[in-house]
Structures are given as C-alpha cells and as structure tokens.
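Undergrad: Sequences are here, hints too, so could you generate the full structure?
Number of protein chains: 2
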Amino acid sequence: MNNNYYAIVMAGGVGSRFWPVSTAEFPKQFHDMLGCGVTLLQKTFSRLEQLIPPENILILTNERYNDLVLEQLPKVHPNQILLEPAMRNTAPCILYATLKIQKLNPNAMMVVAPSDHWIENETAFIEDLQTAFDFCEKNDALMTLGIQPTFPNTGFGYIEFNKEDKNQIKKVQQFREKPDYETAKKFLESGNFLWNGGIFIWSVQSVLQAFERFQPQLLALFSEGIPTYNTQAESEFITQNYALAENISIDYAVMEHAENVFVLPARFDWNDLGTWGSLYDKLPKDVNENAIINSKVIIENASNNIIRSNAKKLIIVDGLNDFIIVDHNDVLLIYPKSKEQEIKSLIEKVK
Amino acid sequence: MNNNYYAIVMAGGVGSRFWPVSTAEFPKQFHDMLGCGVTLLQKTFSRLEQLIPPENILILTNERYNDLVLEQLPKVHPNQILLEPAMRNTAPCILYATLKIQKLNPNAMMVVAPSDHWIENETAFIEDLQTAFDFCEKNDALMTLGIQPTFPNTGFGYIEFNKEDKNQIKKVQQFREKPDYETAKKFLESGNFLWNGGIFIWSVQSVLQAFERFQPQLLALFSEGIPTYNTQAESEFITQNYALAENISIDYAVMEHAENVFVLPARFDWNDLGTWGSLYDKLPKDVNENAIINSKVIIENASNNIIRSNAKKLIIVDGLNDFIIVDHNDVLLIYPKSKEQEIKSLIEKVK
Numbered sequence: 003m004n005n006n007y008y009a010i011v012m013a014g015g016v017g018s019r020f021w022p023v024s025t026a027e028f029p030k031q032f033h034d035m036l037g038c039g040v041t042l043l044q045k046t047f048s049r050l051e052q053l054i055p056p057e058n059i060l061i062l063t064n065e066r067y068n069d070l071v072l073e074q075l076p077k078v079h080p081n082q083i084l085l086e087p088a089m090r091n092t093a094p095c096i097l098y099a100t101l102k103i104q105k106l107n108p109n110a111m112m113v114v115a116p117s118d119h120w121i122e123n124e125t126a127f128i129e130d131l132q133t134a135f136d137f138c139e140k141n142d143a144l145m146t147l148g149i150q151p152t153f154p155n156t157g158f159g160y161i162e163f164n165k166e167d168k169n170q171i172k173k174v175q176q177f178r179e180k181p182d183y184e185t186a187k188k189f190l191e192s193g194n195f196l197w198n199g200g201i202f203i204w205s206v207q208s209v210l211q212a213f214e215r216f217q218p219q220l221l222a223l224f225s226e227g228i229p230t231y232n233t234q235a236e237s238e239f240i241t242q243n244y245a246l247a248e249n250i251s252i253d254y255a256v257m258e259h260a261e262n263v264f265v266l267p268a269r270f271d272w273n274d275l276g277t278w279g280s281l282y283d284k285l286p287k288d289v290n291e292n293a294i295i296n297s298k299v300i301i302e303n304a305s306n307n308i309i310r311s312n313a314k315k316l317i318i319v320d321g322l323n324d325f326i327i328v329d330h331n332d333v334l335l336i337y338p339k340s341k342e343q344e345i346k347s348l349i350e351k352v353k
Numbered sequence: 003m004n005n006n007y008y009a010i011v012m013a014g015g016v017g018s019r020f021w022p023v024s025t026a027e028f029p030k031q032f033h034d035m036l037g038c039g040v041t042l043l044q045k046t047f048s049r050l051e052q053l054i055p056p057e058n059i060l061i062l063t064n065e066r067y068n069d070l071v072l073e074q075l076p077k078v079h080p081n082q083i084l085l086e087p088a089m090r091n092t093a094p095c096i097l098y099a100t101l102k103i104q105k106l107n108p109n110a111m112m113v114v115a116p117s118d119h120w121i122e123n124e125t126a127f128i129e130d131l132q133t134a135f136d137f138c139e140k141n142d143a144l145m146t147l148g149i150q151p152t153f154p155n156t157g158f159g160y161i162e163f164n165k166e167d168k169n170q171i172k173k174v175q176q177f178r179e180k181p182d183y184e185t186a187k188k189f190l191e192s193g194n195f196l197w198n199g200g201i202f203i204w205s206v207q208s209v210l211q212a213f214e215r216f217q218p219q220l221l222a223l224f225s226e227g228i229p230t231y232n233t234q235a236e237s238e239f240i241t242q243n244y245a246l247a248e249n250i251s252i253d254y255a256v257m258e259h260a261e262n263v264f265v266l267p268a269r270f271d272w273n274d275l276g277t278w279g280s281l282y283d284k285l286p287k288d289v290n291e292n293a294i295i296n297s298k299v300i301i302e303n304a305s306n307n308i309i310r311s312n313a314k315k316l317i318i319v320d321g322l323n324d325f326i327i328v329d330h331n332d333v334l335l336i337y338p339k340s341k342e343q344e345i346k347s348l349i350e351k352v353k
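Chains as they are written, first to last, in the numbering used here: chain A, 3 to 353; chain B, 3 to 353.
The set of hints was computed from the structure by calculation and includes no laboratory data.
Check each hint, because a few of them may be wrong.
Given that identical chains are not distinguished, each listed pair holds provided it fits within a single copy or across any two copies.
[Said to hold, decoys possible] In silico BS3-like cross-links for lysine-lysine, where the CA-CA straight-line distance does not exceed 27 angstroms:
#, residue 1, residue 2
1, 168, 105
2, 315, 180
3, 353, 298
4, 351, 298
5, 351, 287
6, 105, 173
7, 315, 346
8, 105, 346
TA: Right, dumping it as structure tokens:
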C-alpha cells in the first residue's frame, strides 16, 4: 500500500431529507441506511481502505459527531478526526486537512470523498481512484471523478468536458451549477456532461498551489496554524480561527477557477442517497416493487413503497402505493414518495 | 345503596378485531381504547358502582387475566374475581356466578354486563338499570336492556317485542340471531326490533328457575359445587368440573326458551366497540374527520382516518384517507377501514 495516499472523508452533513431516521443528533452517514449491517461511514471507510492505509484516512466532521465516529470506526485514532467548530462549507475544512497532511507528508496524494454516498462496484471505484492518483502524481492536476448521468437530475451540479477530447481523462471545460430541467435534458443529450459527485483527487502540492492562487486569504488564515498542526496546540488554534474562514465550497473557491482541472468518467455506479426515493432505487424489491429495510412485513394490495423500521417491528400494510413508511424511535412517517423533497420542511413543523 | 344488588361483569373476551392493540395476552377490555385515561373495564366498573355496592360486583374472566383485573380494579377483592378455567360461552359462567351469589344472598338481584362496551350517558343507564331492577323485584321476569338500532347492523342479534305493547317494559316475542342485510332493514322498518347488547337483569331466584327448567343438566353440574362456593374448596371444584359444562350462550340456553322475558328499550346511547370502525364513530374528530387516540400528529391531505399509538409517538400522515393506523409495541398496522373485519384473520398470518 502506498503510504503517500491519503483520504479526507467528509462526514459533517445532516441529511435532513432522511428525517426521521437522519437527524442533527444522528445524521444519515452514521446510519445503516440500506439495512446491510454497516453504516454509510463504515462502508465509505472500508472502501477507501482498499487502496489507502487506514491511518491515512482523515474524517472531517462536526464536534458533536466525534464520539459517533470513534464508535463506528475503531481503527481510527482520535487525531485522525478533524472537528469543525463551525459550519463553513467544504473549502475551509479541505484546506485545513490538506495543511495537516502536508506537514506529515509533503509528497501526499489525496482523495476527498463524501461519507454518505453509495457505490456498488467497489473494484471499479478503486481502479478509477488508482488511475486518478497515477495521473495526479505525474501532472499538476486537480481531478474529479465524474458520474455518468442516467437522467436529467436537477439536484446535482454538472461537469462539462470537451467533446472532442478522446482521452480517458478529460480536461474540464467548466463546472455547471444545478440546472433547470430543460437545461439538464440538454446536458444529457450533448453527452459531454457528468454529475459532480464531490469526489476530488490531487496532490497536496497541486491543491495548495491552487489555494495560493485563488484563495490567498483563506490559505493565509490556515497557514498561520501550521506550527500547531498535529500538536497539542492545534485544537486551540482551530477553535480560535476556524469560524473566521469564509463560508465557501471547494467547487466555488478553487475548481471553477483553476485551468488544470480534469475529470475521469467513473466506471462505477453511484447513488448520492440524497432522498428516500434515491435510496428506494438502490434497494432490492419484492414482487410488487416494495423495498423493505429491516422490518418484518405483511403486505397486501400495496406496491412501490419504501418501508423502514427496526428489525423487531412487524409492519402490516394494505392498500398503499408509492409511500414512504418509516418508523423510527418516537416518530412514524407515512408520506407520499412524490413529496420526498418536503420531508426536510417537516423538521421545522415538528419544532 | 341496595345491598341486594349484584353485578356480573363479563371480562373474558379477546377482542381480536382490535389487534394489534387487543391481543390474547392483553385484550380490549383492559385497554384505554378511547384514550380517555381509563380502561373499558374500569369504565364499566365505575358505571355499575353508581348503583351497585362495589363489593357486590363480580368479574368473570379467564385465569390468565386475574392479575390484570386486580391491577386495574384496586377495590376488587380476589374473591370477587371468578376465573374460568376453560372457554365455555356465557351460560356456564353466569350460572356459576349466580349460584355463588345465591349462597351469599338468596334475595339478590343481578345485572349481567359486558366489560367492553361504551355508554356515554351513564345517568340514563343507571336509571334504566333501576327501572329493570324494580320490575324484576316485583315480577318473575328475565329482563334485558334493548338498544335502539340506528342502522341495519348485521353483526348483532335482535330482540323482537310485540308492536302493540305500549308499556315501557315490553314482553319479548323472540330473540333473533344476526340477520342478513335485507332482514336487518326490515327489522328497522317495522320498529319493534332492538339490538341485543348482552345486558341482562333478573333476580337470582328467577334465573335459577329458568335454568332448572331449560338447563337441568348444567344446573346439576354447578349445584354440586354449592358447598364449596365462597370457600377454599371452590377453586378445586371449578378446576375439576368447569370444563365439563356445555359450551352454550345464555341467549340460547335460557332466553330463547323462557316465556317471562321482557325488554326495556334503553334510553342511553351505546356502542359495542366491536371494531376500529365503531370505535372511530365514538371518537372526537379533527376538521378532516380524523380520530386521534393518544398520538401527537401532523396530518395533511388526510381524512377519515383513525390513528392510535402511545402518547409519546409523533405520527406524520400525508395523502391517506379512510385508514386505520395503529402503532402498538412491535406492530404497526396501516389498513383500510373498509377491511376492518379482516384484521382478525391477520393474527393467524402473524403466527
């Protein structure tokens, strides 16, 4: 295993569209969303571990989730967990992690990976990741794995590459924000657009050069902490300075400006598990297309439902189609799949 | 309070149409079905207590429910609970209770009352009960309180009285078994039919005479135990002999044969709480005709549902009409109200 390989796992999200299972106290990435016996974070860690030494995998998360990470990833040492004292989007925390890694190993290669996505074919993922690492080792490149779009999703950002580029790894023309439906349809038709899955690969050196060029202020803020990183003083520095960072995404801070951005069209399937509906798509179904997570069920005259509870629960459903049925602790949700985007707003009503 | 007044509360049923709340381990009468803070048995007891000395109220139930009765009715002494070692319908247990009461008080007047029905107007009930007691004190009569039918229910037995009879208390012409829908409609049109709500009033003397005439074998069986009743030896006698009794209802054993049967048309409203639907009828509703028991709810685009859980549970329902939604321990039932009669059969499927 290559000791220069590092990963940053982004595990600070809240996953509010998966309420009531996912909550601010216990978000989606810490749940076994698919009922397969491991949580999304555990699945992400074990996937990365196939190529990256486990001690080189850093977890970026909110202070309140520190114990959850330690509990779910027994291989992870407390100093592999980077705690964000405030929500500042992806650029500040990626920069912070990068500077820590640079101090440990200036030749490091890094992958930034979300903690809450689903990838079925892990072998293809690892092969694509290796291809990207190899490219970034030889070139001053900021890379991303682009997801082959399967429908005109308006919830994702897109990556446009040059149509004429016949290389496996293609130069990115531009990042495109979430499009409307008509635009998304055109993206799919033109064939040179990929979904931005938030997976980035680069050398520490390349990404720090990009920060230097496009975000000198942010780099200055976090560089001041370098003497403290990986020491007892780090925590105090971060507590005092982290909130001063601009709230900005890595896409907007760096990727959209840089000219050395490349994309490898991913060969693995991918699902962002962003809503109950996308989770439904990933799950095995019964003859009537009902997807069951954990529950024991008696289902009659019911189809296309997603049903989730703890494993002890018996759920009897009759006469219901296209519903989300989730029983979790003291909440029972019976909600049309077509309104999955509105689940987020229920949280406010509950308060 | 008249010390000659006694009651037998029938509390041995299972209420399987109220599954999953009502189970063989914890039947309907021991639940607070309406979410009013007391169980149906407690409500029945406190209703009878307004006219009958509490120590004269006997509870007939199955051995397995002894602890439940003692727990729910702290005023009841263990020797007020008559435990049926086997299911033998109503005639054997009523006879057994009657003989015990006779031994305590040969001048006793009795009411037999189900433990799991709902009566809103308790004052009217007590007045009707008093009228019946008064009649039975003066006459050798077997009385019943007949419920004014409100629709052609095919699930109840009916009591036919003479149309010409202008007395408040009417002579019964015959008991009629559960009719088909057309017959039930005719019953309602003719105006001299009442529902049989299983409430009977008589003197110990009158009912024992009826048993002597129509069920001499049954009377002989239980009379043999008289020396043991209300003594330490009672339990052993009952254990050894109860199962020998014929499985027969009081209607079929006595009421349908006797000529001295009278009915008082009840002035109180009544609900047998036989199904989730009849419970729904009794409950207060929100603007969209949803009936909620205990649950906290967020309801949108949903009407005519009955929703029940424990009081801690938050239930969010959207897009559902005419459903029974019951969350109870490890079972969640989401079932169309129109299929309430089939809930009973679910219990088999669950096994």
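Undergrad: If a hint holds in the structure, say so; if it does not, say that too.
TA: Hint by hint, here is what the structure shows:
no.	hint	verdict
1	168 <-> 105	neither (38 angstroms within a copy, 103 angstroms between copies)
2	315 <-> 180	neither (39 angstroms within a copy, 37 angstroms between copies)
3	353 <-> 298	between (31 angstroms within a copy, 13 angstroms between copies)
4	351 <-> 298	between (30 angstroms within a copy, 12 angstroms between copies)
5	351 <-> 287	between (32 angstroms within a copy, 21 angstroms between copies)
6	105 <-> 173	neither (30 angstroms within a copy, 101 angstroms between copies)
7	315 <-> 346	both (25 angstroms within a copy, 19 angstroms between copies)
8	105 <-> 346	neither (40 angstroms within a copy, 69 angstroms between copies)
Comparing the model with each numbered hint stated earlier shows that hints 1, 2, 6 and 8 do not hold.
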